[in-house]
Amino acid sequence: MSFDDEGVCDGVETGGLIAAMSEQVWKGRRPGVPLRLIGVRARGVPLAERLARDVSGSEQAAVVGAVDITLYRDDLDQANRWPVLRGTEIPFDVDGADIVLVDDVLFTGRTIRAAINAICDLGRPSRIRLAVLVDRGCRELPIQPDIVGLHLRIDRRDRVQVRLRPIDPVDEIVQIPAAPRLSQS
Amino acid sequence: MLGLEELSREEILAILDTAESFAEISNRSRKKVPALQGRIVFNLFFENSTRTRTSFSLAAKRLSADTQDFTASVSSLSKGETFIDTAKNIEAMGADVMVVRHPTPGAPHLLSQHVSSSIINAGDGAHEHPTQGLLDLMTIRKAKGRIEGLTVGLVGDIAHSRVARSNIWGLLKLGAKVILCGPPTLVPKAMERLGCEVAYRLEDVLPRCDVVNVLRIQFERQQGGMFPSVGEYSQFYMMNQERVRMAKPDLLLLAPGPINRGVELTPEVADGPHSAILDQVKNGLAVRMAVLYLLSGKLDARSPAAE
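From first to last, the protein sequence lines stand for chains A and B. Heads up: the first sequence runs through residues 321 to 505, numbered per this note's numbering. Heads up: the second sequence runs through residues 67 to 373, numbered per this note's numbering.
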């Protein structure tokens, strides 16, 4: 965290949010239909893996996949560098599945739209729910999450950074102001 | 994408990494993604080709681009229109990418100075065939897990082969050792200057090779008399079972196609366990998807080294 960043949640608090989300994921599942989680690369994947552990234990209980939305973006023209593809890996049949789509931050909704398109290209799920750790508002598309860890209402120019183990050394949620603020010394 | 000579090691690796991600799409039951929706890819082929043109068309379609084939023999070129005017007309129709094959070396380079669409060289005379070079690199890297430190033999008609040149640039940049082997008339000694070893006896070279890429005799580019007879060429340079046995047990055998069975390699070897010929075709699709995708961004995407 740099001098100007604002810590929103530390590791313990972030862990608490994830545990509460996991409970909702499992509570809302359809009886008799296997639960499948798909994380949006990059940080949606470790989050999905943690949500996949059922409430009672630490074992990974639901099958987890990963979706890379790069090829489904609507802003190839605006990309200012070569896009890096990280690959979609869905180790289960999407047809008829009860899917929870998982991402770390929900902002404009465009990433989720792309992820839903990518999943529907692989088959026809019976249902897709959306779980996000942080809903920071400022949507540009009519997309609403079903399961939310934390609601933030912040300026659209500000950024929210979620750090999650094992991709990052710690779990935390940080708000990064768009313009550097003057120190009050 | 005019040639591998112009690309850096990092750019080549970035294309190969992207291509490996695209390979997954070909394994899906619905083999299509919307990445290039609304883009137009023109295939301008001024020379015969089935494999490369089909591969580019399919690659563009898998990315949801619109494709249009342009065949020189039935075009206004036969009425006297110039190559550049033809391309300008095609650009005016909205082409985002032009895939160009031309018998004259440098033709795609010339075109790139006159139109602003992205140009992909799909083979210019005996100069370069960069996507073939890339798919060979991808096939080697997938089979061997690396390219650095490998010894790759290019066998046959090196002098007239654009595939050879693209292979040489790509392999050397990625740290492989390249041995060129064939009759002296088809492997000029001067090619040593590119950084390759030149050899004339296949038997001397085979035991050192991890990969052998068997190039086609370019009968259509020869003025004749480059070697006494096809039979004699086969006697000295055809990959047969006996020669495969001289090589390392895990030899990887490539051939860019179309293969002339019984000239450059025997049917048993072409269809044998060392052959990766069909993997090359499969990887060619992934490489062309990657190149089309990477070039379809705006100007910034055309100069990744600037990042």
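Keep in mind the hints are simulated off the structure, nothing from the lab. Since this is a predicted model, take the numbers as computed values, not measurements. Each hint should be verified, as a subset may be incorrect.
Listed below are the simulated EDC-like cross-link pairs for lysine to aspartate or glutamate, each with C-alpha atoms no more than 20 Å apart in a straight line [stated by the list, open to error]:
{"hint": "1", "chain 1": "B", "residue 1": "Lys97", "chain 2": "A", "residue 2": "Asp325"}
{"hint": "2", "chain 1": "B", "residue 1": "Lys98", "chain 2": "A", "residue 2": "Asp466"}
{"hint": "3", "chain 1": "B", "residue 1": "Lys97", "chain 2": "A", "residue 2": "Asp441"}
{"hint": "4", "chain 1": "B", "residue 1": "Lys98", "chain 2": "A", "residue 2": "Asp325"}
{"hint": "5", "chain 1": "B", "residue 1": "Lys97", "chain 2": "A", "residue 2": "Asp415"}
{"hint": "6", "chain 1": "B", "residue 1": "Lys98", "chain 2": "A", "residue 2": "Glu369"}
{"hint": "7", "chain 1": "B", "residue 1": "Lys127", "chain 2": "B", "residue 2": "Glu147"}
{"hint": "8", "chain 1": "B", "residue 1": "Lys98", "chain 2": "A", "residue 2": "Asp394"}
{"hint": "9", "chain 1": "B", "residue 1": "Lys98", "chain 2": "A", "residue 2": "Asp415"}
{"hint": "10", "chain 1": "B", "residue 1": "Lys208", "chain 2": "A", "residue 2": "Glu409"}
{"hint": "11", "chain 1": "B", "residue 1": "Lys127", "chain 2": "A", "residue 2": "Asp413"}
{"hint": "12", "chain 1": "B", "residue 1": "Lys97", "chain 2": "A", "residue 2": "Asp418"}
Just some of the chain A residues that point at chain B, by a computed CB distance under 10 Å [as the list claims (entries may be wrong)]:
{"hint": "13", "residue": "Thr390"}
{"hint": "14", "residue": "Cys458"}
{"hint": "15", "residue": "Glu460"}
{"hint": "16", "residue": "Ile463"}
Where is the CB? At the ideal position from N, CA and C, for every residue including glycine.
We went through each hint and held it up to the structure:
1. Lys97(B) x Asp325(A): Judged against 20 Å, a Cα distance of about 43 Å means the pair is violated.
2. Lys98(B) x Asp466(A): violated, 29 Å
3. Lys97(B) x Asp441(A): holds, 9 Å
4. Lys98(B) x Asp325(A): Violated. Lys98(B) to Asp325(A) sits at ~41 Å, over the 20 Å cutoff.
5. Lys97(B) x Asp415(A): holds, 16 Å
6. Lys98(B) x Glu369(A): violated, 28 Å
7. Lys127(B) x Glu147(B): Given that 20 Å is the threshold and the Cα spacing comes to 29 Å, the pair is violated.
8. Lys98(B) x Asp394(A): Given that 20 Å is the threshold and the Cα spacing comes to 16 Å, the pair holds.
9. Lys98(B) x Asp415(A): Holds - the C-alpha atoms of Asp415(A) and Lys98(B) are around 17 Å apart, at most 20 Å.
10. Lys208(B) x Glu409(A): holds, 19 Å
11. Lys127(B) x Asp413(A): Roughly 25 Å between the alpha carbons, so the hint for Lys127(B) and Asp413(A) is violated.
12. Lys97(B) x Asp418(A): Violated, because 23 Å separates the two Cα atoms, which is more than 20 Å.
13. Thr390: Given a least distance of 8 Å, the restraint on Thr390(A) holds.
14. Cys458: Hint on Cys458(A): violated, closest Cβ of chain B at ~25 Å, above 10 Å.
15. Glu460: violated, 19 Å
16. Ile463: Violated: closest Cβ of chain B sits about 18 Å from Ile463(A), beyond 10 Å.
Violated hints for the displayed structure, listed by number in ascending order: 1, 2, 4, 6, 7, 11, 12, 14, 15 and 16.
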